[in-house]
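In order, the protein sequences belong to chains A and B. Under numbering that gives the first Met the number 0, the letters of the first sequence match residues 0 to 218, in that order. Under numbering that gives the first Met the number 0, the letters of the second sequence match residues 0 to 218, in that order.
It cannot be assumed that every hint is accurate.
What the hints assert, rightly or not - Listed below are several chain A residues computed to face chain B (Cβ distance under 7 Å; list not exhaustive):
hint	residue
1	Arg17
2	Asp29
3	Arg32
4	Leu58
5	Gln60
6	Leu88
7	Leu98
8	Met133
9	Val142
Treat the hints as calculated values from the structure; they're not laboratory data. Beta carbons are placed, not taken as given, at the ideal position from N, Cα and C, and that holds for glycine.
Number of protein chains: 2
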Amino acid sequence: MDDTVLRSEGPRFDSRFRAGLRELLVWRRDVRRFRRDALPLGLIDRLLGLAALAPSVGLSQPWRFVLVEAPERRAAVRAEFARCNEAALAAAAPERRRLYARLKLAGLDAAPCQFAVFADRATPQGGGLGRQTMPETSAYSAVIAVHTMWLAARAEGIGMGWVSILDPAAIAAILDVPRDWRLIGYFCLGYPESPDDTPALERAGWERRRPAASFVIRR
Amino acid sequence: MDDTVLRSEGPRFDSRFRAGLRELLVWRRDVRRFRRDALPLGLIDRLLGLAALAPSVGLSQPWRFVLVEAPERRAAVRAEFARCNEAALAAAAPERRRLYARLKLAGLDAAPCQFAVFADRATPQGGGLGRQTMPETSAYSAVIAVHTMWLAARAEGIGMGWVSILDPAAIAAILDVPRDWRLIGYFCLGYPESPDDTPALERAGWERRRPAASFVIRR
Numbered sequence: 000m001d002d003t004v005l006r007s008e009g010p011r012f013d014s015r016f017r018a019g020l021r022e023l024l025v026w027r028r029d030v031r032r033f034r035r036d037a038l039p040l041g042l043i044d045r046l047l048g049l050a051a052l053a054p055s056v057g058l059s060q061p062w063r064f065v066l067v068e069a070p071e072r073r074a075a076v077r078a079e080f081a082r083c084n085e086a087a088l089a090a091a092a093p094e095r096r097r098l099y100a101r102l103k104l105a106g107l108d109a110a111p112c113q114f115a116v117f118a119d120r121a122t123p124q125g126g127g128l129g130r131q132t133m134p135e136t137s138a139y140s141a142v143i144a145v146h147t148m149w150l151a152a153r154a155e156g157i158g159m160g161w162v163s164i165l166d167p168a169a170i171a172a173i174l175d176v177p178r179d180w181r182l183i184g185y186f187c188l189g190y191p192e193s194p195d196d197t198p199a200l201e202r203a204g205w206e207r208r209r210p211a212a213s214f215v216i217r218r
Numbered sequence: 000m001d002d003t004v005l006r007s008e009g010p011r012f013d014s015r016f017r018a019g020l021r022e023l024l025v026w027r028r029d030v031r032r033f034r035r036d037a038l039p040l041g042l043i044d045r046l047l048g049l050a051a052l053a054p055s056v057g058l059s060q061p062w063r064f065v066l067v068e069a070p071e072r073r074a075a076v077r078a079e080f081a082r083c084n085e086a087a088l089a090a091a092a093p094e095r096r097r098l099y100a101r102l103k104l105a106g107l108d109a110a111p112c113q114f115a116v117f118a119d120r121a122t123p124q125g126g127g128l129g130r131q132t133m134p135e136t137s138a139y140s141a142v143i144a145v146h147t148m149w150l151a152a153r154a155e156g157i158g159m160g161w162v163s164i165l166d167p168a169a170i171a172a173i174l175d176v177p178r179d180w181r182l183i184g185y186f187c188l189g190y191p192e193s194p195d196d197t198p199a200l201e202r203a204g205w206e207r208r209r210p211a212a213s214f215v216i217r218r
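Chain A with its partners taken away, still in its complex shape (with noise of 0.2 Å):
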C-alpha cells in the first residue's frame, strides 16, 4: 500500500495486530515494584512524543510532564507519600487494615524514571473549545496522555506505576510548578520484577475485578 492510498484510506489494522493490542491491555499492570536498572536511552522522549498524539479537548493539549530528577525532591515525594499513606491506613476499615499494610504501594524506592503529571487547565490553547460546560475534560485529556504512554511502555517491556495516594498541593509545592496546574498522577518507570496479567490487588486479595456486563444500562 503506497502513502497515497494510506492518506486517503488509513491504516487497516489486521486480526493479528488486534490480538497483540488484547494481549496488551491484558498485559499492562499498575506495577509497584521495579528492578533499578536504567532506561535505555531515549525510551522517554519516544514515551513523550507517543503520549503528545493523545486527545485533548479542543486540541488545548493541556497535559504537562515533569520529570522529576533531583534527589532531594524524589525524597520529598517519597516523605510526603509515606505520610499520605500512613493517614490512608488508619482510615481504613479494621478487617482491612492488616491486607492493606501488606500492599506494596509504590514503587517510589526503586523505579529509575519517575515523573508528575499535571493539567495546565488555563493553557490558552484550544481557545477554551469544548470547556465551559465541562472544565474537568482538561485533566481528563491528561489522563488519556498518561494512558497512552502507559499503553506504549509496556509495549516496551517498560512498567508503569500510578501514584495517587498523595496531596496533590503538596506535590506541587515540592516541583515548583505553577499553583494552577491540577496534579494528575506522580508515576514511577521502570523494568517490572515480575510481568503478570493479574492486578496486583485481586492476586493479594483486595478487591476481584468484575466483567463488562456489571457496568452497563440501556436507556
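Based on these hints, arrange chain B on the given structure of chain A.
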C-alpha cells in the same frame, strides 16, 4: 511459546506490533462525521469487554456505560447539545465565531451507536483505596476505560467521537441515572465518513498540535 512460559514472562511485543500501535495512536481521531451504517453484531460487547480491562483506582472499576437507544432520549440529548453549543458560540472570541460556527461539533445525528459514560464515585468496590487524597481518580479511571474503547474501536475501523459541550446535570436527568454519578462524556460510535491522520480542529484551522517537548519540564 507455551502458556507456562507466557505466564511467567508475559508476552513480548515486537517492533511490528509497536509500529502498529504508533499507527493506531496517529490515526485515532475524534470523529464527528459518521456514516449511518449499523455496527457489526457483537462489536459493542467486544469493545466493552476490552474497556473493562482498563486500570482503575483500587480496582474499583467505577465506569458506568449507558447505551442510549430510545429515540426520544437521543433527541433530548441532541437538543441539550444544541442549547450548550449556542451558548458556547456566544462566548467565543469574536474573531473565532465564524470559524467555530463551521466546525462540526457532534455526530449526534448520524452515529448508529451512542452512549454516555459516568463514574460512580461512591462505589464500594475497591474499598476506597487510593481515592482519599485524590477522589478525582474515580473519574480518571472511567476516562481510561473510554480511551481503551476508543483505541479498540479504531483497530476495528470504527470511529468514536467525544461530545463534552453538554450540561452534566441535564444529561443525567435525560438518562435517568443515579444523581451522584458523574458524567464523563457522551460518545458517538460508527464508521467514519473518511479516515484522517490530522485532528479535525487542526484541519479546520482552529488549533495546531505541538510537539511533546513543549510540555516537558525537569526538576
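Q) Once the shortest beta carbon distance from Arg17 (chain A) to chain B is found, is it less than 7 Å? A) holds, 5 Å
Q) Should the interface hint for Met133 (chain A) be scored as holding, given a Cβ-Cβ cut-off of 7 Å against chain B? A) Status holds, d = 5 Å.
(Q) Restraint: Leu88 (chain A) near chain B, CB-CB cut 7 Å. Satisfied or not? (A) With a minimum Cβ separation of about 10 Å from chain B (threshold 7 Å), the hint on Leu88 (chain A) is violated.
Q) Once the shortest beta carbon distance from Asp29 (chain A) to chain B is found, is it less than 7 Å? A) With Cβ-Cβ at 5 Å, under 7 Å, it holds.
Q: Verify the interface restraint on Arg32 (chain A): the C-beta must sit less than 7 Å from at least one C-beta of chain B.
A: violated, 14 Å
Q. Per the CB criterion, is Gln60 (chain A) less than 7 Å away from chain B?
A. The hint holds - Gln60 (chain A) has a Cβ within 7 Å of chain B, the shortest such distance being about 6 Å.
Q | Restraint check, 7 Å cut-off on beta carbons, for Leu58 (chain A) near chain B | A | holds, 4 Å
Q: Please verify that hint: Leu98 (chain A), Cβ, nearest Cβ of chain B, below 7 Å or not.
A: Status violated, d = 9 Å.
(Q) Please check whether Val142 (chain A) passes as an interface residue: C-beta within 7 Å of a C-beta belonging to chain B. (A) holds, 5 Å
Of the numbered hints listed earlier, those contradicted by the structure are 3, 6 and 7.
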